[in-house]
Each structure stands twice: as C-alpha cells, then as structure tokens.
Amino acid sequence: MTAQLPPQAVQLFLNEDESYSVTVVDTPGFDDTYRSDAEILAEITEYMAAQYAAKIPLKGIIYLHQIHENKMKGSGRRVVEMFRALCGDEALKKVVLVTTRWDCVSAAEKGNALRREQELIDTWWRPMLDLGSTHTQFHGSRLEAEAMVLEIIRDPDRVVLDIQRELVDAEKEIAETKAGLPLDRLLAADISRYIEQLREIDAKLADAERRGNSNDVKRLKEERKEIEGVVRKLESSQKRIRVRVGRHIKERISAARWDSKEILATSISIFTAIVGVTLTVVKFAVL
Amino acid sequence: MGLMHLLRQVDTDDGMGRLHSLSQVGSRARRSSGEWGLLPEVLWAAGWAAWRPAGDDGYLWMPRISFDSRSSRLGYSRADPLLSQMESFPDSEGMVLVMGVTGAGKSTFVNTLKPDSVKVTEGLGSSAYPPSVSESARH
Chain A
1 MTAQLPPQAV QLFLNEDESY SVTVVDTPGF DDTYRSDAEI LAEITEYMAA QYAAKIPLKG
61 IIYLHQIHEN KMKGSGRRVV EMFRALCGDE ALKKVVLVTT RWDCVSAAEK GNALRREQEL
121 IDTWWRPMLD LGSTHTQFHG SRLEAEAMVL EIIRDPDRVV LDIQRELVDA EKEIAETKAG
181 LPLDRLLAAD ISRYIEQLRE IDAKLADAER RGNSNDVKRL KEERKEIEGV VRKLESSQKR
241 IRVRVGRHIK ERISAARWDS KEILATSISI FTAIVGVTLT VVKFAVL
Chain B
1 MGLMHLLRQV DTDDGMGRLH SLSQVGSRAR RSSGEWGLLP EVLWAAGWAA WRPAGDDGYL
61 WMPRISFDSR SSRLGYSRAD PLLSQMESFP DSEGMVLVMG VTGAGKSTFV NTLKPDSVKV
121 TEGLGSSAYP PSVSESARH
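Just so you know, the sequences run in chain order A and B. Numbering-wise, this note's numbering puts 133 at position 133 of the first sequence, and it's gapless, one number per residue. Numbering-wise, this note's numbering puts 13 at position 13 of the second sequence, and it's gapless, one number per residue.
Isolated chain A (complex conformation) (with noise of 0.2 Å):
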C-alpha cells in the first residue's frame, strides 16, 4: 500500500506586491485500490464545489496520466468518462492532458513509451483533443511545471466546470449529476443485484435447516453474512454521493468568513480551510 500523502496546494504569487496569485492544487486520485469510487467521487466534488463557491477563479485543469501504466485499466473509460463528466464540453479548451514520469523512461524503452502514449491519445484522449484540450509530456522538473501553470494563467479566462454548476447553482446531489448518475444507477443495480442474492441464501438456508444439514448452514451463513457486508459497503456508497454537495459547502463558506470576522481571510485560505489541504506560499522574486 502506497503511503497516502496528505492533499496540499502551492499558491505561488506572481508579482512582488502579491497582487496576483495561483494556486495549484493536487486533487483525490480516481480509481484508487482502498476507496469506492462513491468515495472518490464525492471528494473530488468538494474540492471543485468549494473552489466555485468561493468564488476563485478556475484557469484550468491538468490532468495526468503516468507513462509507465502498460494499458489503461479496465476502470480506464470510466475514469475518462467521468472526467468528462465533470468537466463538461466547453471547459476542455482549459484541460492539458499530460503523460508523466518521462524521466524514469530509459532510452531503451523509449520507443514503447511513446508508442503508448499515442495509443492512449488515439483510443482515450482525442475526443477531449478534438474540443480543445492541450498535450504534453512531464519530465519532472520545476520549469516545466512552471511552465505548464503560467500557460494555463496567460489565457486571462476562467472556467466553470459542469459539475460546479449543477452542485453549487442548482444545488443538486452529486448523484443527480452527469459525473454522478452513471455511477448512481451502478449502485442501485448492485444493490438489487446483491438483494436477490440474500434471497436465494435465505431460500436455500431454510431448506438446509429443515433437513437438517448443517454444514450447508454453516456455509450459506457464511456466504450471507459475506454478501450483506458486501451491500453494507454499496449502500454506504450511495449514502456518499447522495448529498447536496454545493449546498454544505457554501454553508461551510459563509460560517468560515463569519468566523474569520477578518478582511483579510483570503479565498484561497478559505478554500484550504474548507477541504483541508495543506497550504505552501511561495513568494515571487527575480533573482
């Protein structure tokens, strides 16, 4: 298990004055191996609900993608789906697209690391491509990183997100939402799934005990006790991506600036309050 790193953002101020900033923010992984996607989902909504709703403006979105990964997962189309989702059509032009970890790719290997990043962009990218997302390559240094930031804030236009519209002006559940529906309806079918599946034990462990076998009851107790953490765990799920994300979040906002009762309470310092990522300001000089 990889060690989880604690969520955090770099607000790197532009000028000398401090009159100008932006703030990088890293986000919760999708298809992680410990969290349903619910989970993630839901987390992933907080962050963009809560940028929105304090009003800071989006620039743009960059999106990984680690050259190494041999062939998207059987989860890729859905995480890609799902971004889609999020984000929506028109804000594509503000995602760059990016294949990383380029310095741990040996010269030898090079050649099947290209070759999969044009698979990955002709099977997975190109609809996002064609409405107007960027691609680069990431070989791990601060000037490139930089780079790709400052290009993203030269374009002097926000982005509002589809997702930000429906949780936070429409006050929607996530799971009333584009990103959120499909994996609603995944839910429910697993539960109902599962549900007949309990059906069935009880069914067999009634005639298992009125002939009296118990290795069979053993067994099915089992397997039904199985089966109903199984649709504990799905209907948690649920539970998470059924709740009026944008709703809590601007609640969480005007008691923040409340409590703040200071002028000076940045949105930014309330964005990091409100999803509890770490914050690191990097003034700027020219050296």
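Think of the hints as simulated: they come from the structure by calculation, not from any bench. On a predicted model such as this, the values are computed, not experimentally measured, just so you know. Any given hint could turn out to be false.
Stated by the list, open to error - Here are the in silico distance ranges between beta carbons for each label pair:
| hint | chain 1 | residue 1 | chain 2 | residue 2 | range |
| --- | --- | --- | --- | --- | --- |
| 1 | A | Arg126 | B | Ser92 | 28 to 38 Å |
| 2 | B | Ser92 | A | Asp89 | 22 to 32 Å |
| 3 | B | Ser92 | A | Ala108 | 42 to 52 Å |
| 4 | B | Ser92 | A | Thr123 | 37 to 47 Å |
| 5 | A | Arg224 | B | Ser92 | 16 to 26 Å |
Unchecked claim - Coverage of chain A stretches by chain B, computed from C-beta distances (three or more under 8 Å per stretch; other residues unrestricted):
| hint | stretch |
| --- | --- |
| 6 | 38-50 |
| 7 | 138-148 |
Glycine included, each C-beta is placed from N, C-alpha and C at the ideal position.
Once you've looked at the hints, dock chain B against the given chain A.
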C-alpha cells in the same frame, strides 16, 4: 501526518490569522488520528510559529522562486515578465486543479512547484531547516 506538515500549515495559512490556522491544524490532527493524539505536535507547532527571526515576513523557510529567462522553456523572461500582462488580467487570484488516477504523479507535480526545502517528504532533521530554527523554537 508529519510535523513538517503541521508546521507549514500553521505558518503558511495566508491571511486567516494564526489562531484560526492553529484551530485548523487541530481539526486536521483530530481527523487524521481520530483523537487528540497529535496535540503535542500541534502545541509544539504553535510555539514554533510564535517564534520569528528579526525581519521575517512569515514565510521563514521559503526560498524565492525565479521566473527569469532560465525558468521557463516557454519564453518567460525578466524582459517579458508576467507582470506586464497582469494589468489586463481580470482576476487577482486563480486556481489550477491537478487531477488524474491514483499514482499518476499528482503529488509529485505539485511538490515540484515548491522550492526544494519545503518538500513534504523531508523530515525535521533536514538541512532545509537551519539547526538554529529548531533550537530557538524549543526556547
């Protein structure tokens, strides 16, 4: 959660006031450990945050970054600083979200933007902290 994390959070939370920052640290600590197990670290951090060398502006260990001609391959330079474009920027602050599947390198990317001395993975004994800092903080 390491102590470095707590320290940075206390000291870099911009504009909310130290007391507020501290309560935020406390709530994170509670969330992470499920109890007040990190309270001593929080209190230690508070003591540390209260200490300031003369002339310090609250960003004690942050080396400054440069956007001169060497710092970007895309042509940002001292002669063409972002400053000159900012007059036309409608927003004084902005946000960029870094997304991707777990393991895509999001944390690495964000860490890359920090000066070397504030990387999360460094420990208290790191050379990023002058020995005098931790010494002074204990007094």
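Hint check, failures only: 5
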